[in-house]
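These protein sequence lines map, in sequence, to chains A and B. Going by UniProt numbering, the residue at position 120 of the first sequence is 120; the numbering climbs one at a time, nothing skipped. Going by UniProt numbering, the residue at position 61 of the second sequence is 61; the numbering climbs one at a time, nothing skipped.
In short, the hints are calculated from the structure, not lab data. All of these numbers come straight from a predicted model, not from anything done at the bench. Any given hint might turn out to be false.
The list makes no distinction among identical chains, and a pair is therefore deemed to hold if it is satisfied within one copy or across any two copies.
[To be verified] The calculated BS3-like cross-link candidates involving lysine-lysine, where the alpha carbons are at most 30 Å apart (straight line), are: (1) Lys58 to Lys376; (2) Lys131 to Lys280; (3) Lys384 to Lys215; (4) Lys34 to Lys131.
2 protein chains.
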Amino acid sequence: MSEDFQKVTESAVTEPQQANPYGPNPADYLSNVKNFQLIDSTLREGEQFANAFFSTEKKIEIAKALDDFGVDYIELTSPVASEQSRSDCEAICKLGLKAKILTHIRCHMDDARVAVETGVDGVDVVIGTSKFLRQYSHGKDMNYIAKSAVEVIEFVKSKGIEIRFSSEDSFRSDLVDLLNIYKTVDQIGVNRVGIADTVGCANPRQVYELIRTLKSVVSCDIECHFHNDTGCAIANAYTALEGGARLIDTCVLGIGERNGIVPLGGLMARMIVAAPEYVKSKYKLHKLRDLENLVAEAVEVNIPFNNPITGFCAFTHKAGIHAKAILANPSTYEILDPHDFGMKRYIHFANRLTGWNAIKSRVDQLNLNLADDQIKEVTNKIKKLGDVRPLNIDDVDSIIKDFHAEVSTPRLAAIKRDHADLDNDDLNPKKTKQ
Amino acid sequence: MSEDFQKVTESAVTEPQQANPYGPNPADYLSNVKNFQLIDSTLREGEQFANAFFSTEKKIEIAKALDDFGVDYIELTSPVASEQSRSDCEAICKLGLKAKILTHIRCHMDDARVAVETGVDGVDVVIGTSKFLRQYSHGKDMNYIAKSAVEVIEFVKSKGIEIRFSSEDSFRSDLVDLLNIYKTVDQIGVNRVGIADTVGCANPRQVYELIRTLKSVVSCDIECHFHNDTGCAIANAYTALEGGARLIDTCVLGIGERNGIVPLGGLMARMIVAAPEYVKSKYKLHKLRDLENLVAEAVEVNIPFNNPITGFCAFTHKAGIHAKAILANPSTYEILDPHDFGMKRYIHFANRLTGWNAIKSRVDQLNLNLADDQIKEVTNKIKKLGDVRPLNIDDVDSIIKDFHAEVSTPRLAAIKRDHADLDNDDLNPKKTKQ
Numbered sequence: 001m002s003e004d005f006q007k008v009t010e011s012a013v014t015e016p017q018q019a020n021p022y023g024p025n026p027a028d029y030l031s032n033v034k035n036f037q038l039i040d041s042t043l044r045e046g047e048q049f050a051n052a053f054f055s056t057e058k059k060i061e062i063a064k065a066l067d068d069f070g071v072d073y074i075e076l077t078s079p080v081a082s083e084q085s086r087s088d089c090e091a092i093c094k095l096g097l098k099a100k101i102l103t104h105i106r107c108h109m110d111d112a113r114v115a116v117e118t119g120v121d122g123v124d125v126v127i128g129t130s131k132f133l134r135q136y137s138h139g140k141d142m143n144y145i146a147k148s149a150v151e152v153i154e155f156v157k158s159k160g161i162e163i164r165f166s167s168e169d170s171f172r173s174d175l176v177d178l179l180n181i182y183k184t185v186d187q188i189g190v191n192r193v194g195i196a197d198t199v200g201c202a203n204p205r206q207v208y209e210l211i212r213t214l215k216s217v218v219s220c221d222i223e224c225h226f227h228n229d230t231g232c233a234i235a236n237a238y239t240a241l242e243g244g245a246r247l248i249d250t251c252v253l254g255i256g257e258r259n260g261i262v263p264l265g266g267l268m269a270r271m272i273v274a275a276p277e278y279v280k281s282k283y284k285l286h287k288l289r290d291l292e293n294l295v296a297e298a299v300e301v302n303i304p305f306n307n308p309i310t311g312f313c314a315f316t317h318k319a320g321i322h323a324k325a326i327l328a329n330p331s332t333y334e335i336l337d338p339h340d341f342g343m344k345r346y347i348h349f350a351n352r353l354t355g356w357n358a359i360k361s362r363v364d365q366l367n368l369n370l371a372d373d374q375i376k377e378v379t380n381k382i383k384k385l386g387d388v389r390p391l392n393i394d395d396v397d398s399i400i401k402d403f404h405a406e407v408s409t410p411r412l413a414a415i416k417r418d419h420a421d422l423d424n425d426d427l428n429p430k431k432t433k434q
Numbered sequence: 001m002s003e004d005f006q007k008v009t010e011s012a013v014t015e016p017q018q019a020n021p022y023g024p025n026p027a028d029y030l031s032n033v034k035n036f037q038l039i040d041s042t043l044r045e046g047e048q049f050a051n052a053f054f055s056t057e058k059k060i061e062i063a064k065a066l067d068d069f070g071v072d073y074i075e076l077t078s079p080v081a082s083e084q085s086r087s088d089c090e091a092i093c094k095l096g097l098k099a100k101i102l103t104h105i106r107c108h109m110d111d112a113r114v115a116v117e118t119g120v121d122g123v124d125v126v127i128g129t130s131k132f133l134r135q136y137s138h139g140k141d142m143n144y145i146a147k148s149a150v151e152v153i154e155f156v157k158s159k160g161i162e163i164r165f166s167s168e169d170s171f172r173s174d175l176v177d178l179l180n181i182y183k184t185v186d187q188i189g190v191n192r193v194g195i196a197d198t199v200g201c202a203n204p205r206q207v208y209e210l211i212r213t214l215k216s217v218v219s220c221d222i223e224c225h226f227h228n229d230t231g232c233a234i235a236n237a238y239t240a241l242e243g244g245a246r247l248i249d250t251c252v253l254g255i256g257e258r259n260g261i262v263p264l265g266g267l268m269a270r271m272i273v274a275a276p277e278y279v280k281s282k283y284k285l286h287k288l289r290d291l292e293n294l295v296a297e298a299v300e301v302n303i304p305f306n307n308p309i310t311g312f313c314a315f316t317h318k319a320g321i322h323a324k325a326i327l328a329n330p331s332t333y334e335i336l337d338p339h340d341f342g343m344k345r346y347i348h349f350a351n352r353l354t355g356w357n358a359i360k361s362r363v364d365q366l367n368l369n370l371a372d373d374q375i376k377e378v379t380n381k382i383k384k385l386g387d388v389r390p391l392n393i394d395d396v397d398s399i400i401k402d403f404h405a406e407v408s409t410p411r412l413a414a415i416k417r418d419h420a421d422l423d424n425d426d427l428n429p430k431k432t433k434q
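This is chain A alone, in the form it adopts within the complex (with noise of 0.2 Å):
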């Protein structure tokens, strides 16, 4: 056997140069993982959330918002839907923001007459083209739904404004139903073609191939909307990006229908491992949480524990092990640096599953001086505590400095908190249930 251990490369020399190993795959020529838009769609999709009621001033205040962070293109329920969502349309419109605006329509011109009238610069239509939803909800044939696109279209057009087609519950639509009527509105002139995963239904793969079929059959932009029933909607936008998609649809904390949709916030976890400088030049990280903030109040919910970022422990290191390796270098055991979010690092070591490489930084930010030996002698007392009840700093800053007071003279030095990138807020957070 001992033959075989020679056979084992050390390859820290001969590594090929790749700057960044997780980024877009350079077989993708396709990818627009380094050039992609949002479409924010809080203020549609999320309003079909069940909690969601914005009032006028709430949707001007989280539009804003959208705004500053930097998202391509706002999108609004249709003015249609009730007297206050046509008005608010109209008020958002004229507060002469970056973002472009869009409004949501049903692929028909009653809806598309009052949506052109709104001052939009962009119309989004949808039709269903499953099977499913052509027999249970407007009943139309494949014949139909091309004649009244076309009409559509060609009327949003003439009045100078955006406009994007998309098909509804695609995956389970027929791929020639899906690429025929894809080819003929692109041949019209659509902005862009929208791809919906509607019911959560979708994999990866399954995105890339259909997203790199289409793209050889249309020439404009796609857009892609994905739902998360199943868990897999920051993966699908990621993956339709790779298959040359441009536009993915998010909502803040992904409310949406059900469980929601492609969350802003995880997204931007996903695209800066990706494409750091393109995602750090063109969107405001830092304003994520307020942002996040901002709708989870209006909304009346918790930020989930495990939000990508935000959650509370997102960036919150336990194990012994990993506390080790992220005080010698943080990217060990981070892909995503918490200052790009303006949130910090928390190493926990106040518990059984410490090390005493975690309780010597504390030592040390407590300017007591114990040698190695003493450390992993006081590191088995915290630990032996540990195995009994849950701990705190104090538990743990108590043991360390009874144990130090034995061993020692103490220092002359006043004893100086520094905190540095250590939060106590963030060990005990407030949880109250739901």
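On the provided structure of chain A, position chain B as indicated by the hints.
Showing chain B alone in chain A's frame:
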């Protein structure tokens, strides 16, 4: 243009016979989507969650609940982490559960000697292979790693105990290094090799390529461990199974280091769509909510509002167009059947996005009698009030009843409040701020 319309085929008749179009890809002859196993790590990875402190009693309660749910393996914290960790491991081994019990140790004889004495069915060994971990964690080269691995594996096998060898941070490790060491350990007879996305950086197509390549190098089973920092853990797990992996590590609610790993419930949502018979026959899905509540309470977190399956709104339909179709056939807007999980569907009709089909359904539930035109009229009244403020069911019922009293003589039949498939509690979940 009108000739083009004729070319749009109507596919309802000619559709190919594919029972489950969003199921496994028939081209994946290596796929284990219909033949996967679960290693639940709530009592190992989950113990590394910031808030986790499990007493012996709580560990036993969770282990029994996981076993009852049907997971194949239960992974426990290393017996060398602390004295109590060791005695808890021994206690759980003595429970006589159907699930096999594993413990998770560093690739070191000191740990292995303790592990094999605990009574576990298997030992999971792990060592960092990325240049980050080799430099900042253990500081060893690949030859040292291979030697330690062989020593530990042969020792554990000599005791008649299952053994898994996993790299750590596999997606930032050199491919040749990885394949070399996996080939070595496969040849000496490990039961499984493990791939770990320790920092949560992997994306689905990258996962598929690595697993498919590894599958051609080893003959043993492949286990995968995906962190969720960039929101792709569930999708990566699914894609790994497509590529030939067999076992997925999960935690209840996904709890673990940072924002955790593949959540058990979310993976069930993904897998039931792809392999419904396998999943429903193997796992007690109706116990999922109790299992999640048990763990959520133990670690003092709320179930996220948007949790797959058990989030309060996972089966809530709101927009009028959705409600209409759901009432005709739930499959139009649902890929998951709530009844498979002991959950209920809810049509949210008390809001300004409501439609007359949803209101008609409510009128029927109230055992009132209105013509379609009358229902459209009362729907407009409801939407008007919904523009002014958030509505609840009582608001809507009052409007309907007042309207009904105006337009007709009340029927003599007793008004029966039939809440079939509706649950008022779901409408107004108690929400408090975290």
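Hint check:
In the homo-oligomer, the alpha carbons of Lys58 and Lys376 lie at most 30 Å apart only across protomers (29 Å), although the nearest pairing inside one protomer, at 54 Å, exceeds that limit. Only between protomers do Lys131 and Lys280 lie at most 30 Å apart by alpha-carbon distance; the minimum there is 26 Å, versus 42 Å within a single protomer. In this assembly of identical chains, the alpha carbons of Lys384 and Lys215 never lie at most 30 Å apart, being 61 Å within a copy and 43 Å across copies at closest. For a Cα distance limit of 30 Å, the shortest separation of Lys34 from Lys131 across copies, 26 Å, qualifies, whereas the shortest one inside one copy, 35 Å, does not.
When the structure is compared with the earlier hints, a violation turns up for hint 3 alone.
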